[in-house]
Structure formats: C-alpha cells, structure tokens
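Respectively, the protein sequence lines represent chains Y and C.
Take the first sequence: its position 67, counted from the start at 1, is 67 in my numbering, and no numbers get skipped.
Take the second sequence: its position 111, counted from the start at 1, is 111 in my numbering, and no numbers get skipped.
Treat the hints as calculated values from the structure; they're not laboratory data.
Hints should not be assumed to be uniformly reliable.
One copy or two, it doesn't matter: identical chains are merged, so the pair holds either way.
Derived pair list, reagent style BS3-like, types lysine-lysine, alpha-carbon separation capped at 27 Å [said to hold, decoys possible]:
(1) K112 to K131
(2) K71 to K18
(3) K71 to K121
(4) K148 to K79
(5) K157 to K121
(6) K71 to K157
(7) K7 to K156
(8) K79 to K112
Computed from a prediction, not measured in an experiment: that's the story for all the values here.
Protein chains: 2
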Amino acid sequence: MENNNQKFFMDIAIEEAKIAGLNGEVPIGAVTVMNNEVIAKSGNKMQNLNNPLMHAEIIVLNETSEFLINKGISIRHAKVDLFTTLEPCTMCAYAISLCRIRNLYYAADDPKGGGVNFGSKVFEQGTCHHKPNIHRGLNRKISENLLKEFFKVLRKK
Amino acid sequence: MENNNQKFFMDIAIEEAKIAGLNGEVPIGAVTVMNNEVIAKSGNKMQNLNNPLMHAEIIVLNETSEFLINKGISIRHAKVDLFTTLEPCTMCAYAISLCRIRNLYYAADDPKGGGVNFGSKVFEQGTCHHKPNIHRGLNRKISENLLKEFFKVLRKK
Chain Y
1 MENNNQKFFM
11 DIAIEEAKIA
21 GLNGEVPIGA
31 VTVMNNEVIA
41 KSGNKMQNLN
51 NPLMHAEIIV
61 LNETSEFLIN
71 KGISIRHAKV
81 DLFTTLEPCT
91 MCAYAISLCR
101 IRNLYYAADD
111 PKGGGVNFGS
121 KVFEQGTCHH
131 KPNIHRGLNR
141 KISENLLKEF
151 FKVLRKK
Chain C
1 MENNNQKFFM
11 DIAIEEAKIA
21 GLNGEVPIGA
31 VTVMNNEVIA
41 KSGNKMQNLN
51 NPLMHAEIIV
61 LNETSEFLIN
71 KGISIRHAKV
81 DLFTTLEPCT
91 MCAYAISLCR
101 IRNLYYAADD
111 PKGGGVNFGS
121 KVFEQGTCHH
131 KPNIHRGLNR
141 KISENLLKEF
151 FKVLRKK
C-alpha cells in the first residue's frame, strides 16, 4: 500500500473521530481496509450505546467480521489493515491480535491508556499469538489536537 | 454473597461452557450477576458468529450493558459480578476493568492465553484503572476436564 493511500485512510479515521466528538464521545475513530477498500468505519460509541466496550476499534472489527460472513471467510484470514487515531487500549490491542490484523496504523500515543507501547504492551507478551506490523504517527498532531480540544471543553463544563 | 450462591452461578457458567462445546466452540462459559440474579449467560460464539471477538465474557458484558439501558444506568455503576470458567484473556480482562466489574470469579487457569495471572497481567498495569476482586478456582477441575476432553476429541478428527 502506498503512503498516499495510508494518509487517505487515516484521514477517514480522523473524520470519524470528529463525528464522535460532536456526539459527545471521546473523539477517536477507526477504519478497516481490505484490498484498498474501506470495509468499516466508526468513532467511539460508549456513551451513545451505554456500553464501555464500544471503542471505535471493536466496532469496526465486529462490523468487518459481519461483512465477511457472506463471503464465508474469517477476518483472521482476510488480510485486513486497521487505522485508528489513538494507540489502542489493552482490550483493543488484543482484539486486533485475535483478528490477525495485518497492519496496524495509529496516529497518537496514549501513555495513560495505551496497550501497545505502554502498560500491558500486549504484542510483546508470550500470550499474544499474532503481532501486526505497527505504523505510528500518521496524523499524530491532528489527533492529539482533537483530543486536547475535547478535554479542554469538557473541563470548562 | 454466600459461597452456595457463588457455586450456583459458576455451575451455570459450566452449563454454558458445555452447550458451547456441543456447538463446536471451545467450551468456555460466562455469567453476569446483579443483586443475586443472573443478568446474562453465554458460551463462546466465535465459530457460530464468525467473529474471533465473541468470547463468552464479551457477550455477557455486552448483553448486560444492553439490559441496563432501560434502567438508565451504566454497567460501570451497577455493581456487577462476572463468573467465567476460564481465566479471561487480555481482551476480556481489560473489558472487565472498563465495565468496573465488582467481583471476578474464574474456574481454571490459562497459562497459554490468560491475561490475569499470565502474559499481560492486565490488572497489575498502571494503564488499568479498575481492578475487580478476584476469586479463582471454583469448579476448576470440572472446567479443566471439559477443555481437555474437547481438545482430545479435536485432535482425533
């Protein structure tokens, strides 16, 4: 996949993050891609679905699995790439491993809640049986600013 | 909660594990409990839903959140206990933390895939912001035997 394409898909993830923010969610977005096509895209929906597990990454992984039912293949064998605007948490990182995502692209780091470079360092553990190729930093500043602005407004309320 | 009740709920988790096994799933079952009542129960459904994220624990957490929508409260504030027949994986352990489960009961240990005592040791990390009370070993042998029998049959196929 060329760099231009990666930027194109991460821009869509940023758009999803913005929409999530407008809906009162922490502005994080994710996109799954197969054969250079978007399969699923979503922002966080924890508030709107009253479910703390509805992280953007989980939603797009679930939707991708559902999409693949008709094709009779498992996401585990489908060579899916995932783009997300923030370093995945521990839950999402392990979900990404369970789905055998091929390439993981994430924009900003998350020292407080991340599970890739921080905390559990999920992909470095012996209990992790698939590690994606990891690409960090595309659209980092844009994602960081979205999150900063969101929490600044939240604190003022 | 008395010991008899804990045994009662873990027995239900074992029943769910058995049903999962009969449906071609790895035999693992889970139950959520609130005010001494079962809210959700399920076995693994990865094969049947074509989704590697459909671990029994995730299913019952999702169903519990859904159940609570009508009551207008979040699972995070509902004092929910979770019973599962195998040590939760890294994804499920962090999901349990995100849902602020009060008590986690699990039957058998999982050195190869567990995320509580093995691998990521999710609840011990600085990026984990809620740790449930953990109770291990109830129905351990029954759960271990279910899993052993399942994989023995699988290897013969």
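Evaluation of the provided hints:
In the homo-oligomer, the alpha carbons of K112 and K131 lie at most 27 Å apart both inside one protomer (22 Å) and across protomers (16 Å), since each shortest distance falls under that limit. In the homo-oligomer, the alpha carbons of K71 and K18 never lie at most 27 Å apart, since the shortest distance is 32 Å inside one protomer and 29 Å across protomers. Taking CA atoms no more than 27 Å apart as the test, K71 paired with K121 passes in neither setting, with 33 Å inside one copy and 37 Å between copies. When the C-alpha separation of K148 and K79 is checked against a cutoff of 27 Å, the pair qualifies neither within a copy, at 33 Å, nor between copies, at 31 Å.
In the homo-oligomer, the alpha carbons of K157 and K121 never lie at most 27 Å apart, since the shortest distance is 34 Å inside one protomer and 36 Å across protomers. In this assembly of identical chains, K71 and K157 lie within 27 Å of each other by CA distance solely across copies; the values are 26 Å between and 47 Å within a copy. Taking identical chains as interchangeable, the C-alpha atoms of K7 and K156 are never at most 27 Å apart, the minima being 33 Å within one chain and 48 Å between chains. For the homomeric pair K79 and K112, the shortest alpha-carbon distance between copies (25 Å) is at most 27 Å, but the shortest distance inside one copy (30 Å) is not.
When held up to the earlier numbered hints, the structure conflicts with 2, 3, 4, 5 and 7 and fits the remainder.
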